[in-house]
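A.B. asks: Sequence:
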Amino acid sequence: MATATLGAAAAAQEPPREGDVLGSASDLRIESGGNAVLLEAGTKLHAEPHRHAAVVTVIDVELALEPLERRESWVRVRFEGRIGWADLAAAARPAADAPAAPSPLPAAPPAAEEIAADETRLARALDLLSEPVQELEAGQFRVYTDVRSQRKRRMLFDVARHLGAAHRARYGLAPERPARFAVIVFAEEASYREFEDSVTDLRLLDAEGHAGSGIAALVAEGRTAAEAAALLVHESAHLLNRQTFRTAPPPWLEEGIANDLAYCRLDKSGRPLPQTLGGKGFIAEIPGPVDQFGRRRFAGTLHVEGPLASLGRLQRALAAGEAVPLPRLLDLTWREFVAPEGRELRYIQSTFLVRYLLDGLDGDSFKRFLNDFQDGADADAAALLSAIGRDWGELATGFADWVRRYTGRE
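Residue numbers (our numbering): 80 to 489.
Honestly, the hints are just simulated from the structure, not real lab data. Errors might be hidden in some of the hints.
[To be verified] Now the in silico label distances, taken between C-beta atoms and shown as ranges:
| id | residue 1 | residue 2 | range |
| --- | --- | --- | --- |
| 1 | Gly218 | Gly400 | 39 to 47 Å |
| 2 | Asp454 | Ser152 | 46 to 54 Å |
| 3 | Ala461 | Glu145 | 45 to 53 Å |
| 4 | Val134 | Asp451 | 40 to 48 Å |
All C-beta atoms in this analysis are idealised placements derived from N, C-alpha and C, irrespective of residue type, glycine included.
Assemble the whole structure, with the sequences as input and the hints as a guide.
C.D. replies: Structure below.
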């Protein structure tokens with residue numbers, strides 16, 4: 080799972096092709112140099128050299144650490160008294176090795192024509208699920224999964240059931256064309272990878288899910304119920320965007336909408352709560368020196384994960400002047416948007432820009448912009464600035480100030 084000058088922006092977009100997919104890329108990017116390895120803020124340290132192993136801690140600042148041990152793409156390091164494994168597989172690659180950029184989802188068919196899951200792809204996915212396969216009709220989605228945890232399965236079903244209504248209410252859009260989408264939740268990563276490799280070219284992007292041809296597919300292994308549900312929301316939102324818009328949205332809008340919903344906390348029924356942020360924060364006690372009386376001192380360090388960590392990263396990037404200038408963000412093509420260098424920050428910035436336009440301003444002006452785009456108008460930066468009544472300076476200043484103050488809590 081995105082980001083706008085101007086009038087020429089639409090022409091700069093790569094043309095959508097049937098079968099193209101959108102994927103949720105890994106949020107881990109690590110570059111190494113010399114003996115030490117440079118780890119970004121937000122890097123997870125795992126108990127074992129496997130990305131779905133338990134998380135020991137999360138590095139909250141960019142820093143270089145000396146490796147204690149190496150195993151293939153993994154490096155074992157010590158951070159604030161804790162030892163864990165970081166994956167270096169996402170290290171920066173030469174441009175020649177960069178994967179092809181996914182294009183936007185194909186434009187929707189005429190309003191009278193139903194959008195349906197591709198039957199061949201669906202059959203291929205179902206063949207890879209382990210028995211017994213659980214399935215549920217949830218609005219325009221039919222969810223299939225071989226997840227064994229009843230709690231996780233129930234949360235996934237509940238979220239899918241509410242997602243269509245949540246999308247309509249959040250963005251003020253009511254798609255008229257019918258749809259029958261499929262959502263495949265693989266319990267095991269190996270099965271998901273086999274399906275992914277057979278239908279997409281996202282492997283080098285380290286995608287944990289993708290959407291295309293009326294199907295959203297994702298992997299639940301190594302994720303909590305809430306994390307799997309957030310991934311389901313993100314990928315399924317891409318399908319809802321296709322059902323809603325006649326033409327493919329620009330990258331910042333496509334991914335901003337998908338992540339805006341996925342970043343929300345969920346109520347007990349599985350309904351996304353607008354204006355909230357999921358994720359969690361916790362205090363980690365770091366043992367310090369022993370004093371003269373033999374008592375050990377402890378220092379508390381705050382760690383945050385998930386969307387809350389993404390908010391913190393954007394706040395630091397804006398304060399340091401490292402965020403993408405908004406005119407540039409809104410003008411990026413898909414290939415530029417998913418380029419490895421700085422990709423995660425572009426997704427995060429686009430997400431909170433959509434949220435700012437909805438919640439930091441009056442919201443109605445942005446919804447009018449979305450409705451005009453649904454009716455066939457341009458979705459370039461000029462149209463957005465006209466709809467919200469701001470120039471670039473006012474938009475950038477207002478956005479940065481809102482992000483500084485934003486907490487994601489009601």
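A.B. asks: With reference to the structure, classify each hint as holding or not holding.
C.D. replies: Consistency of the hints with the structure:
no. : hint                        : in the structure
1   : Gly218 x Gly400: 39 to 47 Å : holds, 44 Å
2   : Asp454 x Ser152: 46 to 54 Å : holds, 48 Å
3   : Ala461 x Glu145: 45 to 53 Å : holds, 51 Å
4   : Val134 x Asp451: 40 to 48 Å : holds, 43 Å
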